[in-house]
Amino acid sequence: MIEDGRCTISRFILGLAICAWPALGQTQVVAHVPEKVIIDTDIGDDVDDAFALALAVKSPELQVLGITTTFGETDVRARIVDRFLGEVGRGEIPVLAGKAAGKTPMSQRRYADGGHFAKPSHGDAAEFILDQIRKYPNEITLIA
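If you're matching positions, the sequence shown starts at 9 in my numbering and goes up one per residue.
For the record, the hints were derived by calculation from the structure and aren't laboratory data. This structure is a prediction, so every number in the text was calculated from the model and none was measured. Certain hints may be false.
As the list claims (entries may be wrong) - Each computed BS3-like pair below joins lysine-lysine, with the alpha-carbon atoms no more than 25 Å apart:
(1) 143 - 107
(2) 127 - 107
(3) 107 - 44
(4) 111 - 66
(5) 44 - 143
(6) 44 - 127
(7) 111 - 143
(8) 66 - 143
(9) 111 - 127
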């Protein structure tokens, strides 16, 4: 009985080796092209956007073309993103502000005023998104 079991296992291993043999000599190197993304965020209230930005800007799988801000005081939100990007060493990523829509309560407003990374002004988010779509047609994912 034991010999039958060993024989079955040996045949199984031999079968796997035969099936895997053609793949051994065909190592393919596939170049990974990062996904082009634009992130649209209402950072400044809940921590979820900060976590998402942290993951995105450090991911080798993503090429963050820019970050746009939305909802309420978009200029304050853009300053929060400026500081965040400066703190994590990614200050080269463009930050654009969406259309402002009045004052809204924002728990992280003080964070926008701290640090030395805030830019004096921010371009228009809608124009930036359209420009990037024209530059990279069918290549951009908008993460909102």
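Open item on the list: Tell me the numbers of any earlier hints that the structure contravenes, in ascending order.
Closed with: Checked against the structure, the hints that fail are numbers 4, 7, while the rest are satisfied.
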